[in-house]
Structures are given as structure tokens and as C-alpha cells.
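Engineer: Can you make the complete structure from the sequences, with help from the hints?
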Amino acid sequence: DAKTTQPNSMESNEEEPVHLPCNHSTISGTDYIHWYRQLPSQGPEYVIHGLTSNVNNRMASLAIAEDRKSSTLILHRATLRDAAVYYCILFRDDKIIFGKGTRLHILP
Amino acid sequence: GAVVSQHPSRVICKSGTSVKIECRSLDFQATTMFWYRQFPKQSLMLMATSNEGSKATYEQGVEKDKFLINHASLTLSTLTVTSAHPEDSSFYICSAHRGFLMNTEAFFGQGTRLTVV
Numbered sequence: 120d121a122k123t124t125q126p127n128s129m130e131s132n133e134e135e136p137v138h139l140p141c142n143h144s145t146i147s148g149t150d151y152i153h154w155y156r157q158l159p160s161q162g163p164e165y166v167i168h169g170l171t172s173n174v175n176n177r178m179a180s181l182a183i184a185e186d187r188k189s190s191t192l193i194l195h196r197a198t199l200r201d202a203a204v205y206y207c208i209l210f211r212d213d214k215i216i217f218g219k220g221t222r223l224h225i226l227p
Numbered sequence: 002g003a004v005v006s007q008h009p010s011r012v013i014c015k016s017g018t019s020v021k022i023e024c025r026s027l028d029f030q031a032t033t034m035f036w037y038r039q040f041p042k043q044s045l046m047l048m049a050t051s052n053e054g055s056k057a058t059y060e061q062g063v064e065k066d067k068f069l070i071n072h073a074s075l076t077l078s079t080l081t082v083t084s085a086h087p088e089d090s091s092f093y094i095c096s097a098h099r100g101f102l103m104n105t106e107a108f109f110g111q112g113t114r115l116t117v118v
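The listed protein sequences derive, respectively, from chains V and E.
What the first sequence shows, in the working numbering, is residues 120 to 227, in sequence order.
What the second sequence shows, in the working numbering, is residues 2 to 118, in sequence order.
None of these hints come from the bench; they were simulated from the model.
Mixed in with the good hints there might be a few duds.
EDC-like mimics (lysine to aspartate or glutamate), calculated; alpha carbons at most 16 Å apart, straight line [what the hints assert, rightly or not]: (1) V:K214 - V:D150; (2) V:K122 - V:D212; (3) V:K188 - V:E133; (4) V:K214 - E:E23; (5) V:K122 - V:D150; (6) V:K214 - E:E106.
One-sided and incomplete, this derived list gives chain E residues near chain V with beta-carbon spacing under 8 Å [stated by the list, open to error]: (7) S44; (8) L45; (9) T50; (10) I94; (11) N104; (12) E106; (13) A107; (14) F109; (15) Q111.
For glycine and all other residues, C-beta sits at the position ideal for the given N, C-alpha and C.
Structural biologist: Below is the structure:
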């Protein structure tokens with residue numbers, strides 16, 4: 120299974136940017152990098168995904184290192200509703216395998 | 002946006018009985034759906050890949066006779082937990098993609114919390 124490494128937890132203040140790191144040193148050339156988040160007692164929610172170039176959408180930005188061995192999810196202005204577990208995933212072999220993720224705490 | 006719906010959201014059953022969970026893609030067709038289970042404070046564990054019109058592919062360690070998967074149409078996959086026991090109590094989640102798997106987002110159902118008593 121394609122492995123990613125994320126910090127267990129992070130804290131951020133409300134209305135400040137948040138940078139969530141992910142290491143994926145064993146990434147292969149065809150692996151897409153996906154990010155999902157999960158609120159308590161809910162199914163995961165898609166955040167963003169990319170292959171090589173940085174990506175932006177209405178929820179977040181994804182910065183991918185040039186060697187693709189790491190990436191960073193950027194929430195530009197965190198709100199209390201962004202408190203969740205964030206999963207960085209390498210999409211390989213047509214299936215999503217979840218790691219442990221980062222639990223993000225937002226401080227009011 | 003696309004929605005994946007699971008039913009029921011919550012179920013309590015007696016030990017030894019079977020429980021069926023439905024996963025529907027509401028506004029797109031999904032040839033492939035995925036089933037996960039999640040124990041408290043743990044991550045999601047992939048159980049199986051459900052393929053429309055063919056047998057499901059189970060992950061290592063998942064009993065195919067225990068967790069029956071049927072994907073009879075392009076919008077519906079079902080997971081049946083047979084002869085449920087208390088250790089099967091968990092949060093079960095399904096997902097589907099609208100198009101090419103790797104380059105499209107996965108849509109997840111809201112989950113089904115199964116409690117076996």
C-alpha cells in the first residue's frame with residue numbers, strides 16, 4: 120500500500136491560515152495525491168487532489184513538492200467548521216487506502 | 002454536486018441476525034463502489050471493492066462469506082453483514098467515483114452505524 124506520513128494532530132487559530140503537511144516518499148509517477156477530511160460521525164468529504172502541479176479550489180490549495188515526495192494542504196482562513204481529521208492519500212491501484220490522518224483543532 | 006446516500010444511517014440488531022446496508026449514487030452511475038469500516042478513534046479500513054455485474058474484490062483478512070456484497074445496478078451496492086456478532090459493531094461507509102477513479106473525487110456516504118447486541 121502506498122504510505123503517507125502525517126502529524127497526528129495540529130492546532131490553529133480561527134481565521135488564520137493552516138498548513139497541513141504530508142510526506143509520501145514512495146510515491147510513483149502515476150499516483151494521484153488526494154486529500155479528504157472527516158467530521159465526527161460522518162463519511163469523509165473530498166477536499167482536493169492533484170498529480171504534479173499545485174491546485175486551488177474553493178476549499179483549499181494543494182502545494183506539491185517538485186520531487187512529489189511531499190505535499191501541503193493549505194486552508195487559507197480556518198474556521199471552527201474546519202476542525203476535522205484530514206487524510207492525505209495516494210490513489211494507487213484504483214482504490215483509496217486511508218492512513219491515520221491529522222486531527223486539526225481550531226482555537227476560537 | 003454528486004451525492005452518495007447510505008441507508009440506514011443507524012441500525013441495532015440482535016446477535017446472529019443479518020443486516021443489509023444500501024449505498025446509492027443519486028445522480029451518477031458508478032461501476033465501482035467501495036466499502037469501508039471504521040472503529041472508534043481509528044481510520045477507515047477498506048473492506049472490499051464492489052463491481053457492477055461481477056463479484057466483489059475483498060481486501061486481505063475480510064471474510065467474503067461474512068460480508069456479502071451485491072452490486073446489481075449502476076447506482077446501488079449493498080453490504081450484508083451475515084450472522085452479526087458484537088465485534089461487527091462498527092461504522093460502515095461506502096464511496097463511489099463519478100468517472101475515472103484516480104483523477105476524480107470520491108463521494109462518500111454518510112455512514113451506517115451498526116450496533117450488534
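Engineer: All hints, please: hold or fail.
Structural biologist: For each hint, the structure was consulted:
Restraint check for V:K214 and V:D150: the C-alpha separation of about 11 Å stays at or below 16 Å, so the hint holds. Among the hinted pairs, V:K122 with V:D212 is consistent with the structure: their alpha-carbon atoms are about 13 Å apart, no more than 16 Å. Distance check on the hinted pair: V:K188 and V:E133 sit about 29 Å apart at the alpha-carbon level, beyond 16 Å; violated. With a CA separation close to 20 Å, the supplied pair V:K214 and E:E23 exceeds the 16 Å bound.
For the hint pairing V:K122 with V:D150, the CA-to-CA distance comes to about 11 Å; that is within 16 Å, so the pair holds. About 12 Å separates the Cα atoms of V:K214 and E:E106, which keeps this hinted pair within 16 Å; it holds. Because the beta carbon of E:S44 sits about 5 Å from the nearest beta carbon in chain V, less than 8 Å, this interface hint is met. Interface hint status for E:L45: upheld, as the beta-carbon distance to the closest one in chain V is roughly 4 Å, under 8 Å.
With 8 Å as the threshold, the beta carbon of E:T50 comes within range of chain V, its nearest partner Cβ sitting at about 6 Å, so the hint holds. With 8 Å as the threshold, the beta carbon of E:I94 comes within range of chain V, its nearest partner Cβ sitting at about 5 Å, so the hint holds. For the restraint placing E:N104 at the interface with chain V, the shortest Cβ-Cβ distance is roughly 6 Å, inside the 8 Å limit, so the hint holds. The interface hint given for E:E106 holds, since its Cβ lies 4 Å from the closest Cβ of chain V, which is under the 8 Å cut-off.
Below 8 Å, beta-carbon pairs count as interface contacts, and E:A107 has one with chain V at about 6 Å; its hint therefore holds. Using the Cβ-Cβ criterion of 8 Å, the hint placing E:F109 at the interface with chain V is satisfied: the shortest such distance is roughly 3 Å. For the restraint placing E:Q111 at the interface with chain V, the shortest Cβ-Cβ distance is roughly 5 Å, inside the 8 Å limit, so the hint holds.
Checked against the numbered hints above, the structure violates hints 3, 4; every other hint is satisfied.
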